[in-house]
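Protein chains in written order, with the working numbering: chain A, 24 to 370; chain Z, 24 to 370; chain V, 24 to 370; chain W, 24 to 370.
Please note that the accuracy of each hint is not assured.
If several chains are the same, the list does not tell them apart, and a pair holds so long as it fits within one copy or across any two.
Simulated pairs of lysine to any residue, SDA-like, Cα-Cα distance not exceeding 20 Å [what the hints assert, rightly or not]:
1. 309 to 44
2. 67 to 307
3. 309 to 221
4. 322 to 78
5. 309 to 276
6. 66 to 308
7. 66 to 301
8. 53 to 88
Everything labelled a hint here was simulated from the structure, so no lab data went into it.
Number of protein chains: 4
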Amino acid sequence: MRTIEVGILGGTGMVGQHFIRFLQGHPWFKLTWLGASDRSAGKKLRDATDWRLDGDMPASAADITVSDSKPGSAPRLVFSAMDASVATEIEREFAQAGHVILSNSRNHRMEPDVPLIVPEVNPDHLSVARNQQNRGWKGVIVTNPNCSTIVLTMALAPLKQFGIERVIAATMQAVSGAGYPGVASMDIVANVIPFIGSEEEKMQQETQKILGGLANGGFAPLQARVSAHCNRVPVVDGHTVTTSVEFASKPSPGDVRHAIETFRAVPQERKLPSAPCRPVVYMSQKDRPQPRRDAAREKGMAVFVGRVRECPVLDIKFVACGHNTIRGAAGAAVLNAELMVSEGLLD
Amino acid sequence: MRTIEVGILGGTGMVGQHFIRFLQGHPWFKLTWLGASDRSAGKKLRDATDWRLDGDMPASAADITVSDSKPGSAPRLVFSAMDASVATEIEREFAQAGHVILSNSRNHRMEPDVPLIVPEVNPDHLSVARNQQNRGWKGVIVTNPNCSTIVLTMALAPLKQFGIERVIAATMQAVSGAGYPGVASMDIVANVIPFIGSEEEKMQQETQKILGGLANGGFAPLQARVSAHCNRVPVVDGHTVTTSVEFASKPSPGDVRHAIETFRAVPQERKLPSAPCRPVVYMSQKDRPQPRRDAAREKGMAVFVGRVRECPVLDIKFVACGHNTIRGAAGAAVLNAELMVSEGLLD
Amino acid sequence: MRTIEVGILGGTGMVGQHFIRFLQGHPWFKLTWLGASDRSAGKKLRDATDWRLDGDMPASAADITVSDSKPGSAPRLVFSAMDASVATEIEREFAQAGHVILSNSRNHRMEPDVPLIVPEVNPDHLSVARNQQNRGWKGVIVTNPNCSTIVLTMALAPLKQFGIERVIAATMQAVSGAGYPGVASMDIVANVIPFIGSEEEKMQQETQKILGGLANGGFAPLQARVSAHCNRVPVVDGHTVTTSVEFASKPSPGDVRHAIETFRAVPQERKLPSAPCRPVVYMSQKDRPQPRRDAAREKGMAVFVGRVRECPVLDIKFVACGHNTIRGAAGAAVLNAELMVSEGLLD
Amino acid sequence: MRTIEVGILGGTGMVGQHFIRFLQGHPWFKLTWLGASDRSAGKKLRDATDWRLDGDMPASAADITVSDSKPGSAPRLVFSAMDASVATEIEREFAQAGHVILSNSRNHRMEPDVPLIVPEVNPDHLSVARNQQNRGWKGVIVTNPNCSTIVLTMALAPLKQFGIERVIAATMQAVSGAGYPGVASMDIVANVIPFIGSEEEKMQQETQKILGGLANGGFAPLQARVSAHCNRVPVVDGHTVTTSVEFASKPSPGDVRHAIETFRAVPQERKLPSAPCRPVVYMSQKDRPQPRRDAAREKGMAVFVGRVRECPVLDIKFVACGHNTIRGAAGAAVLNAELMVSEGLLD
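Only chain A is shown next, with the shape it has when bound in the complex:
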């Protein structure tokens, strides 16, 4: 397979750095372009930003000269790691000019012609992207969900067969989910912050769209009711979600565990490079999954579920955990791109 050149919009920010790291050594994609604000344009990446992640800035990226955020010089496939405050117009401009934008920003996720994809859950939603031609775009925008949504929807994916009717989820989210500088240490050291702006609304709406189907050439959101309580905790990486679910078909805890353990989906069948062998890993220990010990396993691309048991109020309860900056951000967008490649959409 030939190598595909890719770029990153917002390449100097924290999310951009996660993309840079995740793309290192990718078998299909080669990072050749970074777009950022005018302030950084023209500088080598090494001079344009400090590296905030573990280890050193990857040498191959460090020498890329940052471009301004204009479509001209960018490769066709561009990941967007831009702040929501600026993403709307720039992503549209790129799509109009013919680029395939894999966006991690929230801006276009809920639009009726923009797929919000988790490849293990709703790969068929990609087809709706063609409606973007009606905007006069030569390219397309495809989005991945919020970092908490992805943990929840991955955990629920194997359970769709039981008829999901109601979901109550409480999150304990890592500080890396807030970017950099993000959460002030004075707010979170030895503390819990029981609020994350807009997060609950995103989890509630995005989950319905992702778990939903297609109708009349558009999206048909799942008619389940979803309620989220979102909390920040002093954890570095990994979002944990305790979840209670009501099902139409009243599965037993054993049915649920079996469904999780046997779940495989399109990315596994096609052996996409970033797909985990098991998208949802069931852990039988009584006190797992845990974010510090589990989120980074399977290269951070799986979601871990444990403690499946009966819920006295709804039917089943469990805990899920996933890596918010990998499976919940950069890895999610890259896996979406791999899915599109495997569909021939980037030929």
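Based on the hints, put chains Z, V and W in the right spot on chain A.
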């Protein structure tokens, strides 16, 4: 009012130290007796244990000579801070010998003749204690709930009027709730542990008993369904509980806030020394309450509630927070003792 | 004694909030004025800023209307909690106009006519302030040291008698020392940052000035050599300093402990309202002092020292700990003001 | 090269688990034997202990049946991860029976015929092991240093050429250094503990032995004076050491940096499998190294140094950081074994 001498069973342990600290300067109660294992008996407290709490061991307690855990020399009113592994027999022995045992241990909480009291919620349950005479006891055992239960039941107390039908609660619990040495730092630094042994069962059952009524001279548990997800987080003091509730009478968020803000109960009416002015404090800031910033306010005796809003699945959701070792343990038992004094039960 | 009205420059910032809290209920000083940037001026404090400290904004301060940072309306005695980026000119303007500025900012600390005072260590340095008349100022600027310096100099104060010659100090500093938002949680959760900008230079120079004497109407810095290693650790409040010291007179560890335990100074003799009974508290436990357990004791105004022992390289080593935002900032400036009142300098 | 079978004494404990993980996929060594207490003997590892590290217990180890701690069935090369409380007699018994014991325990480190080896620093010390024949042993015990000592001695190794005369080091040590359950979370969450039992003595003595030479067929400790301040901080993995050093030849900071950057030693020359390319990595960023971001780089086998600068008291100061359970424990012992293999000592 005359001073009442009190003792502490389990006086050398972590919970015992919380009792010692809480009783410092109490206007009614004077600590004169400490019971512990044979290993400590005969030593001054200062030589029998290390002080694990902030500051120094209170001087007045440091000079008390620790007794063995036998009823002989103890005052009539004794707080029990014993480990559950030993509490059952010793507490019974003291009750049989005529002592009034205010126990923080879980052992007797769910027995049909033992009151499980939160003075703001179910002071009338005290009357059932007289049934313990049928055991041939001259004294009595009265218990306070688990540290998570108390936060939840205090938050729900003002809302009983709306007809509580279903509750789903997810906790984020401080490490001090596990005693000493308790949680290993290797397990909890920058991590979440989504499991606390027996905690969910305790929250579910105790809540029903406390919020319930009386019938036929015994307890009539609330027929609401309660589901708990219990998690440990790296916080020192203060348990946080996100809660979704279904009500019979469908109150609005405004109704709920009003009920919380105007809630006062027996301890406030009687101005019991350890009673907070407002038992449940509503916080209107969007990101409160928080355990590190709020749990210790009002001398750690109030429960703080915020973010009352509609729940898409049940009716109302909110977050509650309280101090687990004060309102959730030592302060709870002392307030129970004050309630009993105010009822004339210790005359 | 009559009440003295006081103001705070930088009253809406994090350090300003520490001043507001510390001044609550002060027996001599009544807070009546808050100065801040034009953006806040004209608003009530409650509308001008969020309260970042534990508990609620004190009600008496919440209703003060914030002024702009001009001398006109301010009382004579003004505490400065301003950012170093703006403090220089504004503090000078206030001093010129006749105000007594007790500044926590670093800007004027090392100037040859500005006292850098720790009342227990160098109260005699106040006399040099009169040289500021040569600037044409009707008022005066008096400063307190950096939050790390004050822990070190308080711990060394009782040991000056032994002839301090060389000091190597390594700090472990709380996140509250960096203000708000200060240190990003991504940088410090479960981590150490072995660098704090300009902190080592400040500790080295300020210590020499404070421990020095007077000569020719000016300051004569101590000729000791001081080396600091400054580190940030995930602690909320309280700076810990491990220290090795070389002395001229070679005291034994017992001599050092005795000197610490018997040390009393001017603030104690005059019973200044914010002075701790014992300015330096020796702790004999093998693993104390600790910031979370000890820094806030004695109302946060004492410094705690433990583990005095022989140093194989210099002569004596020990660990010191103090509350960085109280004794190291707001409380330090207020105690300086109390010292000036007791000297009749504010009559 | 043929595969060498190896065993682990103390294989079920926390340190043993670090050995198991480190040995996974080792090109020379194959783990075939685990020794533990009678309580575990006869069980498969998966049934004998809980896995405390990230991820799952390695499958190849999980099926090993644990033996009791007797020499009979063990392979010749055995790593000792035993608690100091039991290591002395058992290690001697194994050495007497002909085993080569690579011990991480402190028990034999300071004995006059037991090498205390850091392969990059004092590989020549191995020769002294032959003196153990005088004990009537057919085998031999070789030790690696304490986890703090190894960070300090690795950082100092390139600087021996300048004549090390005096060293003052202050550590900030991760909780993983205390094993499991180790430090209670109540003691360390948002806190510093300025004391670790025996740690300062170990750092002081072991450093002198390791940096020393040989004389008369035995060890000739370095005559430098070393003083350590040891502190525990809430970090998971990675010990940080701030260090001031006095040198005979007064190198400049540039000389020191150059010495570090060009330092290579025997493990690098021989390309031992666990040897890092650069044993000591100099970081030029102003705020590095940091334990969470750097300790695990280079597979946790390098030591990272930054902030080399002049010390106003001694000559040079810097900060060093290394992974305490890899380079400071399991990896250290395995590298010692590789060194012995490369010397032909295991043929």
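Hint by hint, here is what the structure shows:
In this homomeric assembly, residue 309 and residue 44 never come within 20 Å of each other (Cα to Cα): the closest approach is 33 Å inside a single copy and 22 Å across copies. Taking the shortest alpha-carbon separations for residue 67 and residue 307, only the inter-copy value of 18 Å comes in at or below 20 Å, while the best intra-copy value is 48 Å. Taking CA atoms no more than 20 Å apart as the test, residue 309 paired with residue 221 passes between copies only; the shortest distance there is 12 Å, against 32 Å inside one copy. When the C-alpha separation of residue 322 and residue 78 is checked against a cutoff of 20 Å, the pair qualifies both within a copy, at 16 Å, and between copies, at 11 Å.
When the C-alpha separation of residue 309 and residue 276 is checked against a cutoff of 20 Å, the pair qualifies only within one copy, where the shortest distance is 14 Å, while the shortest distance between copies is 36 Å. Within a single copy, residue 66 and residue 308 get their C-alpha atoms only as close as 50 Å, which misses the 20 Å cut-off; across copies the closest is 19 Å, which meets it. For the identical chains of this complex, residue 66 and residue 301 are neighbours neither inside a copy (41 Å) nor across copies (30 Å), given an alpha-carbon limit of 20 Å. For a Cα distance limit of 20 Å, the shortest separation of residue 53 from residue 88 inside one copy, 15 Å, qualifies, whereas the shortest one across copies, 47 Å, does not.
In this structure, the earlier hints numbered 1 and 7 are contradicted, and the remaining ones agree with it.
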